[in-house]
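Asker: Those sequence lines, one after another, are chains C and W. Counting in UniProt numbering, the first sequence runs without a single skipped number right up to 323 at its last residue. Counting in UniProt numbering, the second sequence runs without a single skipped number right up to 506 at its last residue.
These aren't lab readings, by the way, just hints derived from the structure by calculation. Among the hints, erroneous ones may be present.
Below 30 Å or equal to it, Euclidean Cα-Cα: the simulated DSSO-like pairs (lysine-lysine) are [stated by the list, open to error]:
{"id": "1", "chain 1": "C", "residue 1": "Lys123", "chain 2": "W", "residue 2": "Lys324"}
{"id": "2", "chain 1": "C", "residue 1": "Lys191", "chain 2": "W", "residue 2": "Lys328"}
{"id": "3", "chain 1": "W", "residue 1": "Lys372", "chain 2": "C", "residue 2": "Lys207"}
{"id": "4", "chain 1": "W", "residue 1": "Lys49", "chain 2": "C", "residue 2": "Lys207"}
{"id": "5", "chain 1": "W", "residue 1": "Lys371", "chain 2": "C", "residue 2": "Lys207"}
{"id": "6", "chain 1": "W", "residue 1": "Lys383", "chain 2": "C", "residue 2": "Lys191"}
{"id": "7", "chain 1": "W", "residue 1": "Lys433", "chain 2": "C", "residue 2": "Lys207"}
Reference listing, derived: stretches of chain C covered by chain W, where coverage requires no fewer than 3 residues with Cβ under 8 Å from a Cβ of chain W [to be verified]:
{"id": "8", "segment": "189-199"}
{"id": "9", "segment": "210-219"}
Keep in mind the model is a prediction, meaning the values are calculated, not measured. No residue lacks a Cβ here, since even glycine has one placed at the ideal position from N, Cα and C.
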Amino acid sequence: MAEKTLKRGRAGNLMAIGGPQAVVYIGLAAILIIAQIISPGYLKMDHILTMLRLAAFVGIASIGQTFAVLTGGIDLSIAYVITFANIVGSQVMYGENQNLPAAVLTVLAVGAGVGLVNSMGIKFLKIPPFIMTLGVGTIVQGIYMIYSGGAPKGNTAPLLREMCGNNIFGRVSGILVLWFILSVVVITVLKFTPYGRKIYAVGINQKAARFSGINVSGIIFSVYIISGITAAITGFLLVGFTGTSYLDTGTKYATTNLAAVVIGGTAITGGRGGYGGTIAGAIIMTVIDDLLVIINISQAGRQVVQGIIILLLVFSYSQQKKN
Amino acid sequence: MSEEILRMSHICKSFPGVKALKEVDFSCKKGEVMVLAGENGAGKSTILKILSGLYQADSGEIFFNGKAVKIKNPLEAQKMGIAMVYQELTLVNEMTVAENIYLSIEPTKKFGLVDRKQIESSIQEVMGQYGIELDLQTMVKDLPVAQQQMAEIVKILIRQPELIILDEPTSALARKEVTQLYEIIRSMISMGKTIIFISHRLEEVFEIGDRVTVFKDGSYVDTKKISEITEDDLIRMMVGRSLQNIFPEKTQPEQEIIFQVKNLNVPKHLRDISFSVRRGEILGIAGLQGHGQTELFNAIYGILPRETGEIITAGESLKIGNAKQAIKQGLALVPADRKNEGLFLLRSIRENLAIISLDQRKKLGIFIDGKKEKKFSLDMKEKLAIKLASLRNEVASLSGGNQQKVVLGKELAINPKVVLFNEPTRGIDVEAKREFYNIMHDLARSGVAVIMYSSDLMEVIGMSNRVAVMYEGTISAVLQGEEITEENIMYCAYGASLANKGERTL
């Protein structure tokens with residue numbers, strides 16, 4: 001009996017130190033080694049920086065997903081918000097630097113607005129996050145189809161193109177720098193502020209959170225708004241990256257942003273994990289996708305692989321929890 | 001003398017940490033109404049759940065109609081002719097009354113289709129026999145609770161049981177409906193059925209029962225014919241146990257009133273509740289389970305919306321609309337259900353201790369001050385003597401008593417002026433209980449208003465300077481000093497009048 005308690009204590013300790021989040025970095029290292037074997041030269045500095053730049057989009061889009069999943073929710077509208085922001089941002093900028101401030105503000109407002117609608121449905125109408133965000137995503141899709149008339153207009157401002165280029169800080173892309181800054185902020189918020197603690201509390205046990213005086217509605221509103229905003233930022237940056245906007249910009253992020261969170265060791269049931277793991281998850285998803293391209297797997301085949309990865313991970317984590 | 005339909009002998013049942021039933025005997029005769037009585041936790045529900053197949057006895061024998069039987073699950077019990085109407089209703093809200101009644105035993109026509117006509121006619125027949133009226137096509141969710149209870153009973157009757165167990169069937173019913181239920185019970189008896197009845201209302205026991213069996217602390221006390229005993233006899237059978245000496249000496253309250261609740265009303269739950277607590281005093285709340293104690297605490301704490309009611313500390317009326325405001329104004333609650341309401345089981349002990357008081361330990365205005373938090377949690381661990389390997393372990397790794405200390409610790413972090421203890425010692429060992437009693441004492445002595453509800457009467461008696469007894473959502477009596485006896489509390493808890501004992505109000 002005493003022994004049993006002791007064991008549980010140790011497992012608890014390990015979880016507190018990092019648990020699945022520590023494991024994910026070992027996984028990342030393993031995948032990079034495999035990549036180097038399949039494609040010698042994979043780990044050259046230039047290629048690493050290129051991969052990180054691609055991963056930054058997944059990583060930024062996954063910030064909001066990490067928050068949502070930590071509270072025990074999920075945001076399936078992210079891919080649609082990315083496209084929406086992509087189209088709106090491009091149209092407002094119309095290739096002019098002077099339009100940048102207006103474009104940034106519009107795009108952030110769009111993201112925050114979608115997040116607000118999501119959270120209102122979840123909190124007031126008690127619609128499960130899964131359904132609510134999927135429904136809102138579909139509505140957003142309809143709106144940007146109408147808005148763009150099926151043919152998105154506009155293109156990136158030169159300044160944004162610079163920022164998304166590969167050499168703004170020496171060889172490092174501006175996007176990568178932005179991702180790094182955002183990562184530091186997000187990890188700090190989650191680990192070292194009362195707000196972060198409350199997110200975990202709500203994810204573990206909403207009822208106890210309420211009894212502990214936590215404003216549960218406020219937390220839920222905030223995470224979906226953050227999620228809308230980080231998705232919108234991703235869509236906006238993609239204008240700079242590709243030079244213009246497309247109707248299917250967000251599609252490839254639909255599964256990857258969730259996969260990054262889950263691979264990163266954040267429990268899909270909420271309350272455990274963090275953004276540190278998501279960063280590795282975003283890089284892993286990008287590298288796997290790249291490797292599949294290298295060995296000539298089609299886009300369709302890559303989607304199958306992504307889906308399988310998500311299911312396997314969720315399954316393996318749920319097994320861990322049972323034990 | 002009629003024959004025995006049921007005999008349960010030497011039944012034992014343990015749950016982790018508790019011996020719920022110790023070698024108890026229980027039997028009833030064909031065609032009688034047998035009442036099972038006793039305090040909270042006496043083992044009444046446990047033995048009936050064994051009889052209905054929901055629990056398995058650890059040892060002991062059950063004879064039904066003279067034959068030794070093993071009841072492995074509720075379906076077997078049902079097949080034997082034993083049916084139970086549970087305290088919590090088990091109907092499916094989104095189905096009609098008829099569908100519910102025939103759930104899982106639907107008669108079918110060709111191709112496996114449900115034969116609605118036959119269902120309705122046979123339900124009508126049964127309802128006719130017992131004089132029950134229900135609209136069969138109504139959705140269960142649209143029925144008032146009393147009618148849902150009737151539907152539940154029809155659902156049982158249609159299965160033609162011999163022995164029917166009613167676990168507090170009247171707790172949700174109004175007077176008139178109770179009378180109707182008595183009629184139905186009488187027709188059941190005239191149809192040759194046998195009834196086992198758990199009640200928390202004294203008058204009911206005498207109104208409807210033929211015999212009564214009393215349990216106490218998981219042991220059998222006695223069985224008597226109702227016609228041969230008085231209310232006093234019954235109360236005396238239910239109480240009467242020596243005070244274990246684990247309670248600290250009672251505090252000496254001063255005159256100054258430090259906490260007050262005035263005219264608290266919560267629709268459906270609480271009616272006109274007023275009480276006050278003096279400096280240095282522990283106010284005990286007693287009463288049988290489900291008479292509004294938890295609702296009272298939750299309403300004071302802002303979790304349950306109040307219709308009316310003033311909450312006053314130090315002469316000042318508080319504005320409390322949610323738990324956050326309650327905490328800000330110095331109220332703390334140790335909730336009854338620590339796993340669901342008190343703790344974040346999968347987070348660390350340190351995080352749990354800190355969660356309510358996070359804003360008190362900030363640096364640079366926004367960050368958690370890790371050093372202060374570590375010191376705070378170590379201090380709390382020392383103060384409450386929490387036994388733990390590391391503050392970083394999940395709180396789930398602790399024993400029940402230590403988990404409960406974590407709940408208390410997180411509340412004490414805000415230096416509350418009022419602490420509401422809802423079942424503070426449920427499921428914790430005696431040593432931890434003793435520590436809890438001492439902590440409550442120290443709190444009261446230091447000028448904190450301490451209010452405690454416990455379903456363990458001895459605890460209420462041993463700890464409280466005064467005891468407010470709740471009955472049907474209101475305070476039926478406030479006892480103090482010599483008046484605080486098990487007997488008096490049980491009187492008031494069963495809704496009997498204490499007139500002959502000198503009722504007091506605040």
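Asker: For every hint, state whether the structure bears it out.
Answerer: Tested hints:
About 18 Å separates the Cα atoms of C/Lys123 and W/Lys324, which keeps this hinted pair within 30 Å; it holds. Of the pairs offered as hints, the one joining C/Lys191 and W/Lys328 holds, with about 24 Å between alpha carbons and a cut-off of 30 Å not exceeded. Between W/Lys372 and C/Lys207, the direct Cα distance comes to roughly 27 Å. Compliance with the 30 Å bound is thereby established for this hinted pair. Of the pairs offered as hints, the one joining W/Lys49 and C/Lys207 holds, with about 29 Å between alpha carbons and a cut-off of 30 Å not exceeded.
Restraint check: the Cα-Cα separation between W/Lys371 and C/Lys207 comes to about 29 Å, which is no more than 30 Å; the hinted pair holds. Distance check on the hinted pair: W/Lys383 and C/Lys191 sit about 27 Å apart at the alpha-carbon level, within 30 Å; holds. For the proposed pair W/Lys433 and C/Lys207, the alpha carbon gap of about 25 Å is at most 30 Å, so the pair holds. With 5 residues bearing a CB less than 8 Å from a CB of chain W, the segment 189-199 of chain C meets the requirement of three and the coverage assertion stands.
Coverage of the segment 210-219 of chain C by chain W holds. Counting CB-CB distances below 8 Å, 6 residues qualify, and the rule asks for three or more.
Of the numbered hints given earlier, the model fails none.
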